[in-house]
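Enquirer: Here are the chains, one letter per residue:
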Amino acid sequence: MSNLTYSQVDRDILQAMKAPGWRYYVVFFANLLVLLWGIFAWQYTVQRGLGVWGLTHPVMWAMDITNFVFWVGIAHSGTLISAILYLFRVRWRASVYRTAEAVTVFALLTAGLFPLIHLGRPWFFYWLLPYPQVGGLWVNFRSPLIWDVFAVMTYMIISVLFFFTGLVPDVAVVRNRTTGWRHHLYAFLAQGWQGTDRQWRHYKAAYLFLAALATPLVVSVHSVVSWDFAQSIVAGWHSTIFAPYFVAGAIHSGLAMVITLLIPLRRIFRLDTYLTQTHLENLAKLIILTGLIVGYAYVVETYIAWYSNNVPEWQRFVYQVTGEYAVPFWIMILFNSLVPLLFFVKRIRTSTPWLLGISILINIGMWCERFVIIVTGLAHEYDPYSWGLFIPTWVDISITLGAFAWFFFWFLLFAKLLPVISIVEVKEELPPPMKSTGSEA
Amino acid sequence: MARPSAGLVGSFRHLDSLLEAINRLRQAGYRDLQALSPVPHHAIDEALKKPPSPVRVFTLIGCLLGAATGFTLTIGTSLHVSLITGGKPIVSIPPFLIIVFELTILFGGLLTLGGMLLNARLPLIHTVPAYDPRFSEDRFGLWVRCEAKDFDTVTRLLESADAEEVHRVGE
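If you read the protein sequences in the order shown, they are chains A and B. Going by the numbering used here, the first sequence opens with residue 22, and the numbers climb by one from there. Going by the numbering used here, the second sequence opens with residue 20, and the numbers climb by one from there.
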């Protein structure tokens, strides 16, 4: 990459933003159909009530909360790559962080829908916020559900700020090369950026502080999400390991999602010079780390269930492993903690088909993990007298698929409308043009 | 002395030429310089001898303000309702710290952005006359504000540092 020139970088990255071909439109409209179907299923829920889902006492949280936790988790790797690796000055981050950050923003847009959908009466969403009202009642700040509102909303706002701040110098490049409505759009996003020393100085300072703020935030968000469960006394949920377990799982799933998206992006836009095998390999190495943490958490959960000598805890564990939801449980064990170990083999982590295959399996595994934690915990709650079984209906499944389509809808727009690789950060990684060394821009 | 509204812009192919021009102009007593570059570079800041960005102060104020808001909101509203839930104290500091933490980050982030916009004089409706799209691509620019009588000297200094071209901007 070091033999590139500045103008070459502009050309290569901007060529990805050319008018799309018919294949793009086919994918886009197919995805849009799924999204519309999901929206139909949601409006059906609003019209008929939550009874159209498979919810049954005591399983009152199921697919929707699974989706919420899953998508918040997906968001985490973007912040890891864009903020934490930035603070550690990891150089390979430059090529992947824009896409990872876009994944964060769109995953949060998706995750944020589910608490609203689950309200059943989404138009009362503002009841979640603290505001003065006639009755004098305020939200209960001792409830984890309210912590969640604050954590997820803060995360969403900070991620959007971070994403758009990082974009400003890049869209200035795009602004200079476009005409018509596109020019107006990018001129608005660029906010009059011209790269003066004053702008750069304050921009770099702000970027550093946003990264420093986002780093503890990302750890707090999935911890708070985990406390939605861990603060209750449901067997299988009431555990101190939940916060680190959820954070590691979140990054695990997010990294897998980033790999799943980067591989086709690199191929379609011919960005091999910028997104090299080394980038994907480094992501795969991070997956080994998070996979080991997740695997460790599974072992500890099992051990605690046995060692606690607590009957409901142990019976819930046995139910999880052998009961009606055993299939997603074993998928979770296999795909999240065992399959990623294949990345220890260099041949596998440097092979694109293997990377893509394994990262998709991890995505499936992590979705199952959320499902297993939430649904098995509730299905065998306390007395056998009150046990119940959740079976998803077509509405549950349609809304879940619609959520994936919603995420990909934004991602497809992003891939064509914004630079998928940060132009400025790639240029920063190149040696600057120097007369003394004869290097040119 | 009023700030001159006119000036000269030199365009450079190489970073070290730009730095050389900055040094020569500063030695000759021209301090009202502004560099334009496609990427940020510490060497430019060092050559221009600019103080560190005050954005950090905004971040700090935002964080403190966020923490104060968090405490006020949680404690204030709990005292206002005074409804015991789960047998816990009305003012339960440990769970409130979560809200305090989130608001610290939120306000810190918002004020960081505000601080950047304010200090960097953004958003701008129009780019400055000295701006050339090439300065976002692969050229470095140096904008020297000076009186018309100094134009010859400044042009000579810019060209001696290998400026590709020098042109006049402003009235």
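Please keep in mind that the hints were generated in silico from the structure rather than gathered at the bench. Virtual Cβ for every residue (Gly too), placed ideally from N, Cα, C. Any given hint could turn out to be false.
As the list claims (entries may be wrong) - If we take Cβ atoms under 7 Å as the criterion, some of the chain B residues that face chain A in the derived model are:
hint, residue
1, 35
2, 53
3, 59
4, 87
5, 100
6, 101
7, 111
8, 114
Enquirer: Please go over all the hints and tell whether each is borne out by the structure.
Expert: Here's how the hints hold up against the structure:
{"no.": "1", "hint": "35", "result": "5 Å, holds"}
{"no.": "2", "hint": "53", "result": "5 Å, holds"}
{"no.": "3", "hint": "59", "result": "4 Å, holds"}
{"no.": "4", "hint": "87", "result": "15 Å, violated"}
{"no.": "5", "hint": "100", "result": "5 Å, holds"}
{"no.": "6", "hint": "101", "result": "10 Å, violated"}
{"no.": "7", "hint": "111", "result": "5 Å, holds"}
{"no.": "8", "hint": "114", "result": "5 Å, holds"}
Checked against the numbered hints above, the structure violates hints 4 and 6; every other hint is satisfied.
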